[in-house]
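Trainee: Combine both chains into one complex, guided by the hints.
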Amino acid sequence: MNAIPLKVEAPVALLAELTHRCPMRCLYCSNPLELERSASELDTATWIDVIDQAAQIGVLQIHFSGGEPTVRKDLTQLVEASTRAGLYSNLITSAVLLDKDRIKELADAGLSHAQISFQDVDERGEVIGGLPGAHKKKLEAAALLLESGIALTSNAIVTRHNIDRVQEMLDMAVALGARRVEVANVQYYGWALKNRAALIPTPEQMDRCTQVVAAAREKLKGILVIDYVIPDYYAKHPKSCMGGWAKRFLNVTPSGRVVPCHAAESIVGLNFQTVKEARLADIWYNSDAFTRYRGTAWMPEPCASCDRKEIDWGGCRCQAMALVGDAGQADPACELSPFHDRVRAMAEAEARDGVDEFHYRQFQ
Amino acid sequence: MAERLIVREDMVLGFPRHITFRHDDARDRWVILAPERLLLPDDTAVAILQRLDGSRAVAHIVDLLAEEFNAPRQDIAADVVAMLQDLADKGMVTP
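As given, the protein sequences belong to chains A and B, one line each in that order.
Residues in the first sequence are numbered from 1 upward in steps of one, following my numbering.
Residues in the second sequence are numbered from 1001 upward in steps of one, following my numbering.
Worth flagging that the hints you see were computed from the coordinates, not collected in a lab.
For glycine and all other residues, C-beta sits at the position ideal for the given N, C-alpha and C.
Accuracy of the hints is not assured; some may be wrong.
Pairs of lysine-lysine residues, derived as DSS-like cross-links and limited to a Cα-Cα distance of at most 25 angstroms, are as follows [stated by the list, open to error]:
(1) A:K137 with A:K73
(2) A:K104 with A:K137
(3) A:K221 with B:K1090
(4) A:K73 with A:K100
(5) A:K73 with A:K276
(6) A:K73 with A:K136
(7) A:K219 with B:K1090
(8) A:K276 with A:K247
(9) A:K239 with B:K1090
To spell it out: a stretch of chain B is covered by chain A in this simulated footprint if at least three of its residues, at any positions, have a beta carbon under 8 angstroms from a beta carbon of chain A; those stretches are [stated by the list, open to error]:
(10) 1011-1025
(11) 1035-1046
(12) 1085-1093
Extracted from the complex, chain B is given alone in its bound form (with noise of 0.2 angstroms):
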């Protein structure tokens, strides 16, 4: 049986083929598209979803968010950890 993934920094993260994050032009905003479901990402996960591009690992987009907002690492790891973790329980990113 799959088990639940535990997100840790070490990990390199992706969108699985049936979860689309892309630009919404008709409306200009970001969405998730999923089976049946439609997400809204807020500024900060937005933020965090452009940088997720199956090759980074989640500490090195800490580490770019953490320079590009001028924020300590410590808070920025937290709530990127925090987001990944949600979607990765709704299966919508994968290693």
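Bound conformation, chain A alone (with noise of 0.2 angstroms):
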């Protein structure tokens, strides 16, 4: 044998999934089709312990996230209990649900940052969130946030139904005095992936977005910071999709799963453990679901003696899954891939085609 002992670093982030409610019914969530049910969701004190947990193996952020992480009453005491930890803490929202007095609640406790998705500039993103009346909840809420002291990024969703309004979103987010805005096209993982005929855009709407952005990134330089995410079926190199497998981010879910990521579960023969039944340290080193794929052992061709192994770490084992039926092989994203040309044309033919059917997200 002469294989090298492969150093594991300690994980940086926590993406705490709180809860899979939501009063939203967003066509692209990210949240796998077979939604997690309250009765089975963790309750504060072991969340707490968590928190604890995560931040004594060296985690540094903590995203609140779900679902609706504010349909948790216990929100406070979980963002208490970070900040307590010493962790950073974000909040990823709809925003509907946030009340003054919750936005002083949150802000007393220390949450060091919001984040509110956006669907369009105006009631026209309500058909892609599903919830009448969304859109001037955000815009109420993002106001209060501020003036609490919360600062706030404006995810901006992109989909071809709003593509061309990225400029619009862009103003809206300075208006609205954000600092920061993602530019993000939906990633097509569980609600997303079942609705993604009905919401990428062409190759020729993302390359004016890309140039949009670009213009928008020089103008606004130290007034809005732009991240801009692609739907990475239209990229040459796969995303280096969570920084690589287990190797920066874990994913609690309601029930207390752990996860590498939150698409994961949908990777079939990967064996999860709770909360409930391992420490966090214990799952994060020695469980199959993190090891199996690792640093860059588990590789096959093309990513095996690709130079860019260690850049993308072989691109994202959830849409190989997906779209080639195998986690273990390279992500068709990249153009190395022998599913690659598939994949990018049929991309493009449900774009083209343009069929609006939506299929919201719900309790099965």
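Mentor: What follows is the structure, given as structure tokens:
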């Protein structure tokens, strides 16, 4: 044996999916199709223990997500626990349930930052989010958050329905007072994958969007930080998904399952443990789910001999699972994948056909 | 609309609420925590940021560093202003 022992780094971020409950019904939701019910959710004490364990093993940032994390009555307590543990806390929210009192509570608890999703520049986005009246509530919550001193990222969700208004979405973020915006083309997992044909933009729309973003970055330097995520079906190289499997991130689902990313449960044959069965450290360093695709030893060709293998780490395991049927293959978003051309052609055809058949997120 | 902050030596800068500069004990290094970002400042940046306390002017930080590292003030000033401008452009330091 001449294998070099893999030096496993401690995780830097925890995605805490507190609940799958949500008043929105977004077509692009990345949650699994089989949503976890409220009866199976972890209780407050268990979440606080998870937060403490995470900080002890080296986690620096916690992202409260869901579903809609503000559905949980104990969110403030969990933010307080994160602050006590020295974690940087980020709230990923639709904002439709936030009011002035709740925001003050969260600010007092030490919330570092909030990120609000916007489906468009006005009510037109509500067909995507599935909740009438949502846009106005989001605008109100954004103003209240800023008033309370919590910095704001506007998460501009991009589909073919609004991609031609990306400039207006950037203008809206500036007008709101956000200092950062994510121009987030939908990533096709979970409900988004089910709705891909109804959401994916054409390559021509993508090219125009990329030009708009590039120009805005110049013009808004020092005013608005713009992060840009493209749908990687149209990329040459796959995204460095999660910065590498089980390299930086871990995710705890509402029922306490510990997974390397929010879509990992879609991978057939991986065994997941819960925080009730094992300590986070043990799961991170030793479990089947975390060790299976960590590093580069698992890689087949074209990844194994690729000089980018420690840049993009083979792309996304869940995307390989969804599109190729095998999580152990190269992500077909990569142009070196034998499946790349087929996947791209499929995406282009779906975008061109433009069939708006919507499957709203719901409990089965 | 907000305007770009241009860093000058007479300014007093600090970290806004959503930016945390702290020591990462688990890895024995300094980090800047920001929305969806983890920055690893180099030794020079750490020396500057440790003196950025929200009450000292940039010029004062330059003086301290020039004395401590026994280096020409002019060189230090250029480095400090450039680094802070870079962080200001990312919204990571504010008046």
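Trainee: Now, for every hint given, state plainly whether the structure supports it.
Mentor: Outcome of the hint check:
Pair hint A:K137 plus A:K73 holds up; C-alpha atoms about 19 angstroms apart against a cutoff of 25 angstroms. Using a Cα cut-off of 25 angstroms, the hinted pair A:K104 and A:K137 holds, with the two alpha carbons roughly 17 angstroms apart. In summary, the hint linking A:K221 to B:K1090 is supported, as the alpha carbons are separated by about 8 angstroms, within the 25 angstroms threshold. For the suggested pair A:K73 and A:K100, the alpha carbons sit about 15 angstroms apart, so the restraint of at most 25 angstroms is met.
Our distance criterion of 25 angstroms between C-alpha atoms is met by A:K73 and A:K276, whose separation comes to about 22 angstroms. Taken as a hint, the A:K73 and A:K136 pair is honoured in the structure, with Cα atoms around 23 angstroms apart against an allowance of 25 angstroms. Pair hint A:K219 plus B:K1090 holds up; C-alpha atoms about 14 angstroms apart against a cutoff of 25 angstroms. Taking the CA atoms of A:K276 and A:K247, the gap is near 23 angstroms; set against the 25 angstroms cutoff, the hint holds.
A C-alpha spacing of about 23 angstroms is found between A:K239 and B:K1090, which places the hinted pair at or below 25 angstroms, so the restraint holds. Only residues whose beta carbon comes within less than 8 angstroms of a beta carbon in chain A count, and the segment 1011-1025 of chain B has 6; three or more means the coverage holds. Residues of the segment 1035-1046 of chain B lying with their CB closer than 8 angstroms to a CB of chain A number 3, which satisfies the three-residue condition for coverage. Given as covered by chain A, the segment 1085-1093 of chain B passes the check, having 4 residues with a CB less than 8 angstroms from a CB of that chain where 3 are the minimum.
In summary, this structure violates none of the numbered hints.
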